[in-house]
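Peer 1: Construct the complete structure from the given sequences, taking the supplied hints into account.
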Amino acid sequence: MKQKSDVVIVGGGVNGCSLAYNLAKHDIDVIVVEKKYLSSGATGTCGAGIRQQWSTMENAQLAFKSVKIFEKLSKELGEDIEFRQGGYLIVVHDKKDMKQAEKNLEMQRSLGIKVDILNSKQINDVVSILDVKGMNAIGATFCPTDGHANPFKTTFAYANAARRYGAEIYTHTTVLDIKLNKNKIIDVKTDKGIIKTNTVVNAAGVWSKEVSSMVGIKLPNKPFRKEIMVTERMKPSFEAMVISFKDGIYFSQQQEGQIVGGIPIPEEKGGFKTLPTFSFIQHMSRTLTRYAPVLKHVNMLRHWTGFYDVTPDSRPILGESTKINGFIECNGFSGHGFMLSPMVSKILCDYIAEGKISEILQDLSLERFKDKKIEHEMNVVG
Amino acid sequence: MKKNKAIVCRCEDITEEDVINAIDEGYVDLEELRKKLRIGMGPCQGRVCIQLVTKILEGETGKKVPKKSQPTSRPPIVPVSLGTLASDGK
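As you go down the protein sequences, you meet chains X and V in turn. Take 922 as the starting number for the first sequence in our numbering and just add one per residue. Take -4 as the starting number for the second sequence in our numbering and just add one per residue.
One thing to keep in mind: the hints can contain errors.
Said to hold, decoys possible - Listed below are the simulated DSS-like cross-link pairs for lysine-lysine, each with C-alpha atoms no more than 27 Å apart in a straight line:
#: 1; chain 1: V; residue 1: Lys62; chain 2: X; residue 2: Lys993
#: 2; chain 1: V; residue 1: Lys50; chain 2: X; residue 2: Lys956
#: 3; chain 1: X; residue 1: Lys1074; chain 2: V; residue 2: Lys62
Claimed, not checked - Derived, one-sided and incomplete: chain V residues facing chain X with beta-carbon distance under 8 Å:
#: 4; residue: Glu11
#: 5; residue: Asp13
#: 6; residue: Gly54
#: 7; residue: Gly57
#: 8; residue: Val75
#: 9; residue: Leu77
In short, the hints are calculated from the structure, not lab data. Just so it is clear, the structure is predicted and the values come from calculations on it, not from any experiment. Every residue gets a Cβ at the ideal spot worked out from N, C-alpha and C, and that includes glycine.
Peer 2: Written out as structure tokens, the structure is:
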């Protein structure tokens, strides 16, 4: 193990690995420490969707710019990350939904995101297997440049590219403590040795709270168990991700033909729970076959759980602490860390390498929770 | 160069050679190997492939794969149709 590094990143998910790649490319000495294996947390259990249709400007902006990077990422990293743009179809159920959708659309369009409103008849032009009546739809919004990518392959491709630029990645290595001298970082103690550094990035997902507490910073993040399932493969019949904020459901068909999707269970109260529930199986199968009755003949293969690292406003926490110099948060993604990772890591790299503070970084700092008027992200599913 | 075309994972058509190539690329963790090749994620849920891949990995790296790093079994264990799962049992 190397004993010194400019930057130590805690967490080998997609955000940790993409930041390591960006930093190493800037000739910055960087180490990633991961307690299990790469993509073992939220990244490896997520729904793989990439969406720009958000209600808050920061999320929409980060997603829009991330899509621009995703479009060229396979080429940039030299490995296929299976990025595909089949669009996101967001079901609108009533007039109140439509009002929020129109409001979001105006903001999204002002950023340059191409989004359309579909009437109930146009829904089947995008996804033919949907039962418009069964899902109680009066319309939908559709953004054709939304899509998905393979989270494992994206993380591995970032990690491999980071290594080529000189980054070191230590898996099955646990951070035990971070030593301070007043408000400066001295070193990071792991179960495999000590690394001298002045800069630590906390990209530990639901374990971020634990990492922050090592330097005396309290994060408001809470872990929420989320469940998701995959069916057997069938003939490709639709390309869009279908989601509904009212029913909480999301599902899409992957390139190989399997349908991947999730839904929240009403009794879920949060916490570090990892067992899948029978309640999910019932909710998911009932809602999914209501949305697309033809799927009742398709077999569910596997059902697993992952975590959302949820903040009070469902927006990530990014940037350097005002208390501890060189301690940088990169967590609280609240269920959309994968899709935002290309731009998030670029912004944090610009900050670490060149000291650039962007507006987004200020808006998403931990400090915002002191202000009682936080703006809540409305467009969360799963 | 090793050229063994024996099928290790029938759900995903993965050969012994595919597994060895991935190990050579640096995927020496059973879980990372699984996520790279999709082994254990098909209808058999790893009942056919995981034992074989574990053996190949141990042979290539010379290290024992700990029991606890075996992938988690996921319900419903055997494929069940969404229609059956959605029914109320009446």
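Peer 1: Given V:Leu77 was flagged as interface, is its beta-carbon under 8 Å from a beta-carbon of chain X?
Peer 2: Holds. Min distance 5 Å.
Peer 1: Interface hint check: V:Val75, Cβ to nearest Cβ on chain X, cutoff 8 Å. Holds or violated?
Peer 2: Since chain X brings a Cβ to about 6 Å from V:Val75, closer than 8 Å, the hint holds.
Peer 1: V:Lys50 and X:Lys956 were given as a pair; does the straight-line alpha-carbon distance stay at or below 27 Å?
Peer 2: Between V:Lys50 and X:Lys956 the Cα gap is close to 24 Å, so the pair holds against 27 Å.
Peer 1: Can we keep the V:Glu11 interface hint, with Cβ of chain X closer than 8 Å?
Peer 2: violated, 21 Å
Peer 1: Let me know if the C-beta of V:Gly57 comes in closer than 8 Å to any C-beta of chain X, holds or violated.
Peer 2: violated, 17 Å
Peer 1: Mind checking the CB of V:Gly54 against every CB in chain X and telling me if the closest is under 8 Å?
Peer 2: Where the cut-off is 8 Å and the nearest Cβ of chain X is about 20 Å from V:Gly54, the hint is violated.
Peer 1: What's the verdict on V:Lys62 and X:Lys993, does the C-alpha distance respect the 27 Å limit or exceed it?
Peer 2: violated, 40 Å
Peer 1: Report holds or violated for the interface hint on V:Asp13, using the least CB-CB distance to chain X and a cut-off of 8 Å.
Peer 2: Interface hint status for V:Asp13: violated (15 Å vs cutoff 8 Å).
Peer 1: Verify the proposed pairing of X:Lys1074 with V:Lys62, using a straight-line Cα cut of 27 Å.
Peer 2: holds, 25 Å
Hint compliance for this structure: hints 1, 4, 5, 6, 7 are broken, all remaining hints hold.
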